[in-house]
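Student: Let chain A serve as the given structure and place chain B on it in line with the hints.
There are 2 protein chains.
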Amino acid sequence: MSPLLQLPVLQADLGRIEDELVASVQANDDFLTEVASHLIRAGGKRVRPALALASAGARQPLLASASSEVVLGAVSVELVHLGSLYHDDVMDDAEMRRTVESVNARWGNLKAILAGDYLLAKASEIAASLGTEVAGLLASTIARLCEGQVLELQHTFDAGRTEQSYLTSITGKTASLLGTSCRVGGIVGGLARDDIDRLTAFGINYGMAFQIVDDVLDVVATDEQLGKPAGHDLVEGVYTLPVLRTLVDDAAGADKLRRILGGPLAEGELDVARDIVRSNGSVDAALATAETYARTAQESVAEFGDGEAVQAMTAATDHLLGSVAAIAR
Amino acid sequence: MSPLLQLPVLQADLGRIEDELVASVQANDDFLTEVASHLIRAGGKRVRPALALASAGARQPLLASASSEVVLGAVSVELVHLGSLYHDDVMDDAEMRRTVESVNARWGNLKAILAGDYLLAKASEIAASLGTEVAGLLASTIARLCEGQVLELQHTFDAGRTEQSYLTSITGKTASLLGTSCRVGGIVGGLARDDIDRLTAFGINYGMAFQIVDDVLDVVATDEQLGKPAGHDLVEGVYTLPVLRTLVDDAAGADKLRRILGGPLAEGELDVARDIVRSNGSVDAALATAETYARTAQESVAEFGDGEAVQAMTAATDHLLGSVAAIAR
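Residue numbers (the working numbering), protein chains in the order written: chain A, 1 to 329; chain B, 1 to 329.
Next up, chain A with everything else stripped away, as it sits in the complex (with noise of 0.2 Å):
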């Protein structure tokens, strides 16, 4: 587990957090509360939660309890995380989502989609409840994410994907939600303009790392080591760090793998896929370029010497990279 979420006022506080989760979507409609708590009740890491709440008490030598105007922060990003993943499973088609049936395979995706923005409407009302800049900076997340996705989609299955379109792709998709979490957590919990700067640039880079991390995994990770089907991305055409590195990187596999990719696999042709980008020194590129990111986190960070909350996030960064380099090797 993340040495983030092992802090035990942290555990303490994300279980308020859950509490809060359920009460916010409560729906005059018992369906609608029903569709809308479905995957609240499938459980998560609450990465967002945790790093808003640790973001908070940044400048504290041990970690108090956060102030419910900070819990309420926390909710207001993990809902929005929530709703985006109602889309993106109606988008993929999912059927299944963490260990439980997707909320359109199990009420279809008319409720799905309209059950997400509901979701996102619920993280905008807590978020207009904190103040507008908190509620301005959520809703300019929210669009983000949709650019980030946008631009994904425009780029599937294209074998040209440049690295800087990735690169803009994931920091809309990914890291600037997790950047918001830390922001949100500074300015909720009144800490001064600089600090709030260096915990959104923390939550910016991590996030970098936290989706190269991801991508690299789905190459190089079994079925088992997942928990879902590895090599979905290059399934889907999405193109990630390590695949595009191969296509620039290494003339001869990136010839094979170009013959390969560009529209949807053959039977057999997924593993040639991945037995290529695995064998070439990609995967290590795209790890480096993801201890960077992780670096510059912790470097964000350093300023705040070694408060006990600071100390996990810093931590946390290097038990991402720790685990996918083990599996790697």
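Quick caveat, the hints were computed from the structure, so don't treat them as lab data. Among the hints, a few may not be true.
To be verified - From the structure, some residues in chain A lie toward chain B, with a derived Cβ separation under 8 Å:
id, residue
1, 99
2, 100
3, 142
Claimed, not checked - Here chain B is said to cover these stretches of chain A; the calculated rule only asks that three of the stretch's residues, wherever they fall, bring their Cβ under 8 Å from a Cβ of chain B:
id, segment
4, 28-37
5, 102-112
6, 124-131
7, 192-200
Positions of the beta carbon are idealized from the N, C-alpha and C atoms, including for glycine.
Tutor: Then chain B, alone, in the frame of chain A:
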């Protein structure tokens, strides 16, 4: 044309709103900008912005040009409307919207869902710039839209749908946003609290009348009069007020109608169903209900005296009822 839309000042301000709508959806990505502005470019009556502008000037003897903040408030409610249309069209699998191809038909469901999310996020971002009250109001209105639509979905093809369920559903899916349009105008326009509540009541009751009239037209009007296939609601299993009145009030027709409803219509059954509903006084009964809402709307703003904007709002409710009464005859 509605008397509200004929006010020269309002016409001029609606031009500013078109410009702001286009500006508001400029994304970092040209493609997303194109998708997000598709329905803006298709035009529309802009009823919601018009209500916001009129409400902001409800205490002015002669309606003056709106402040830039009021224009932004009017833009935010139209963006909510547009975003919800993107998702509606995905859910209905619609091919056309107004006179143009729907977003989903042109670019697919995935991009239509994301662009709808993007429009809702942009609405929230603008609302946040207008203060926490407007931001919270807009977010809670989006949540109510979802509630109203989910309730409608739960009762598709349900011949036992109650009138109360119908009214609750249209309150959420239509009246709440029209009420919020007036309320945002009143808040941003700096009106007194009592006046803001009166304007909100106008919008909600006008919205109820508006939706009932729309639902009656679907039963009584021809394809040519509507500019789209009539009877759409019956085909989709959405049983609206005139239909529900038939099922309750007209025992003979009710039995015949109940045998047809409850599932997809067979060849020729749409005409039979529409004939039954049109022939038994249910249309007049539904129109009487719409008229009651329209009168309540008018009474809500009677207090304002004879300022230009409020006079036009009052006339707009009469116009709404007049147009359908003419068709029904």
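Student: Look at each hint and say if it fits the structure.
Tutor: Evaluated hints:
Among the interface hints, the one on residue 99 (chain A) is violated; its C-beta lies about 25 Å from the nearest C-beta in chain B, farther than the 8 Å criterion. Because the smallest distance between the Cβ of residue 100 (chain A) and any Cβ of chain B comes to about 20 Å, over 8 Å, the interface hint for this residue is violated. Hint status for residue 142 (chain A): holds, given a least beta-carbon distance of 4 Å to chain B, under 8 Å. For the segment 28-37 of chain A, the stated coverage by chain B is satisfied: 5 residues place a CB nearer than 8 Å to a CB of that chain, which reaches the threshold of 3.
By the rule of at least three residues with a Cβ nearer than 8 Å to a Cβ of chain B, the coverage given for the segment 102-112 of chain A holds, with 3 such residues. Under a criterion of three residues with beta carbons nearer than 8 Å to beta carbons of chain B, the stated coverage of the segment 124-131 of chain A is upheld, 6 such residues being counted. Restraint check on the segment 192-200 of chain A versus chain B: 0 residues with Cβ-Cβ distances below 8 Å, three needed, restraint violated.
Of the hints listed earlier, those the structure fails to meet are numbers 1, 2, 7, in rising order.
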